[in-house]
Amino acid sequence: MSKKSSKLDLLVRVRFENPLPDLPFPPKLLNVSTDIQRLGEPSYLNQLASTTQFPMLVDSEMGMPIDLNEFDGVWDGNEAALNPPTDASRVTDAADLALLTPLRLAAANGPSAPKASEVSWMRNSSYIQRRNGAVKRREMALKKEEIVDASEAAQIIAIDKTFADLRAEPAEGMKHPDPKRKHLRVVETYDILPDDDAWSNSYLMIKFPERPSVATSSDPRAQASSERLSRAILRPIVEDDQQIMEYFLPREEDLGQLSNILEHPMSEEALTEMYEKVEEGGDVDELFPNTAYERLRTYEVVGQTQPQKEVIVTFVEEGGDEEEDMFGDDDDDEDQPAKKKRKGVYFKEVTMKAQLRKTRARGRDEETRTDVWDKVRVGAREPSSNEVEARAAALQPVADPEWSEEQLRIMRSTDIGDAPEDGRSPDSEVGHLLADDDRD
131 MSKKSSKLDL LVRVRFENPL PDLPFPPKLL NVSTDIQRLG EPSYLNQLAS TTQFPMLVDS
191 EMGMPIDLNE FDGVWDGNEA ALNPPTDASR VTDAADLALL TPLRLAAANG PSAPKASEVS
251 WMRNSSYIQR RNGAVKRREM ALKKEEIVDA SEAAQIIAID KTFADLRAEP AEGMKHPDPK
311 RKHLRVVETY DILPDDDAWS NSYLMIKFPE RPSVATSSDP RAQASSERLS RAILRPIVED
371 DQQIMEYFLP REEDLGQLSN ILEHPMSEEA LTEMYEKVEE GGDVDELFPN TAYERLRTYE
431 VVGQTQPQKE VIVTFVEEGG DEEEDMFGDD DDDEDQPAKK KRKGVYFKEV TMKAQLRKTR
491 ARGRDEETRT DVWDKVRVGA REPSSNEVEA RAAALQPVAD PEWSEEQLRI MRSTDIGDAP
551 EDGRSPDSEV GHLLADDDRD
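Numbers in the numbering used here are just positions in the sequence shown, counted from 1, shifted up by 130.
These aren't lab readings, by the way, just hints derived from the structure by calculation.
All residues carry an ideal CB built from backbone N, CA and C; glycine is no exception.
One should not assume that every hint holds.
So the derived label-pair ranges between C-beta atoms look like this [claimed, not checked]:
id: 1; residue 1: 337; residue 2: 512; range: 29 to 37 Å
id: 2; residue 1: 475; residue 2: 334; range: 56 to 64 Å
id: 3; residue 1: 439; residue 2: 306; range: 14 to 22 Å
id: 4; residue 1: 287; residue 2: 337; range: 42 to 50 Å
id: 5; residue 1: 170; residue 2: 214; range: 17 to 25 Å
id: 6; residue 1: 531; residue 2: 353; range: 45 to 53 Å
Model the full structure from these sequences, guided by the hints.
So, in structure tokens, the structure goes:
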């Protein structure tokens, strides 16, 4: 005899207990009388609501609602109390008769006088609008009449004229261009010059979520000196299309050793010899003077933009024996002391701006990256010949007076179509120089 399997084998009946006791009295049903129309669709009231007019009167001057209970018949649809007839016989005061004069009566007799385009409490703003409008019209007229000469000679003359105008006007008579700061006066003037010491470097503006410190979750009260924080190193890493930065700091007791290492860098010959000894089994710490840096935390780059107006400025108050022409090509002996900078403000543009955000600290078991550095050794070496040439090339626009003349010569030859004396085009000459750099 076959046994039919049940389809409910996988179902489990669950019974829940009800700890609430029964009511001590039986339920009581109440008979509530109601209107059957209340159970209908509410949409049948839409037509009634659209045809019903709500009496409302709003004061056009102040925009305040008026109590309509004072007018008889308003709620019954009678608006006679709101719109009384204009009957001159009802006016008892002679001064009010002028208010009943038709508005177009003056136009019928003759040309009407121009209406006032302003009121007393708007005169200040109206004056500002008229003045701004006049200034804009004047500027537009000047723009239409002005013809800009874009030739090279005209641009050179215009630039030289700015220096002549600046020297002709005394600094004491200059005023601030902002009307709200006209009380400010010139106290001291500075020449704005490119910073030749920093021009070959690239500077980044980094915004931290909080002031960098050595405080961690294990030691939240740890503190560091300003000199130690100024020696920090940021190591950029790209992980899963996300750029992060690791923050390294030296130990407080190693700051003196670090300064000595930076002041006495290792030469290129000594560095090559050190590499050979390390390959033979020598100790790196004994052969290469270095200082240990420890990783404190990791930041995530949440925003990275290229700034347009951010620059780094350095004020130099005291001038030395340097000549007025900072672009001079005087060849000084290395034994002579370096000349001091002239008085002025030296600037260098910021190449990149980034914003950081702290990431969650991970343990060693949770770390998935293979390039994690908990500690690094930092030393100093002298720049190679290629690096020196690259920095000198980057410094040419502000340090070499012949650089601009060379660029103008290349531009002129490109525009006219003339080739250099050796028969090569400027593009081939640049390509030849790049090929020489690649061979180096």
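Evaluated hints:
1. Checking the proposed 29 to 37 Å range against residue 337 and residue 512 shows it holds: the Cβ atoms sit about 34 Å from each other.
2. The supplied range of 56 to 64 Å is broken by residue 475 and residue 334, whose beta-carbon atoms lie about 21 Å from each other.
3. Restraint check, residue 439 to residue 306: a C-beta distance of roughly 20 Å satisfies the suggested window 14 to 22 Å.
4. For residue 287 paired with residue 337, a C-beta distance near 43 Å keeps the hint of 42 to 50 Å intact.
5. Our hint of 17 to 25 Å for residue 170 and residue 214 is violated, since their Cβ atoms are close to 44 Å apart.
6. Distance hint for residue 531 and residue 353: a CB-CB separation of about 50 Å, consistent with the stated range 45 to 53 Å.
In summary, the structure is inconsistent with hints 2, 5 from the numbered list given earlier, while agreeing with the others.
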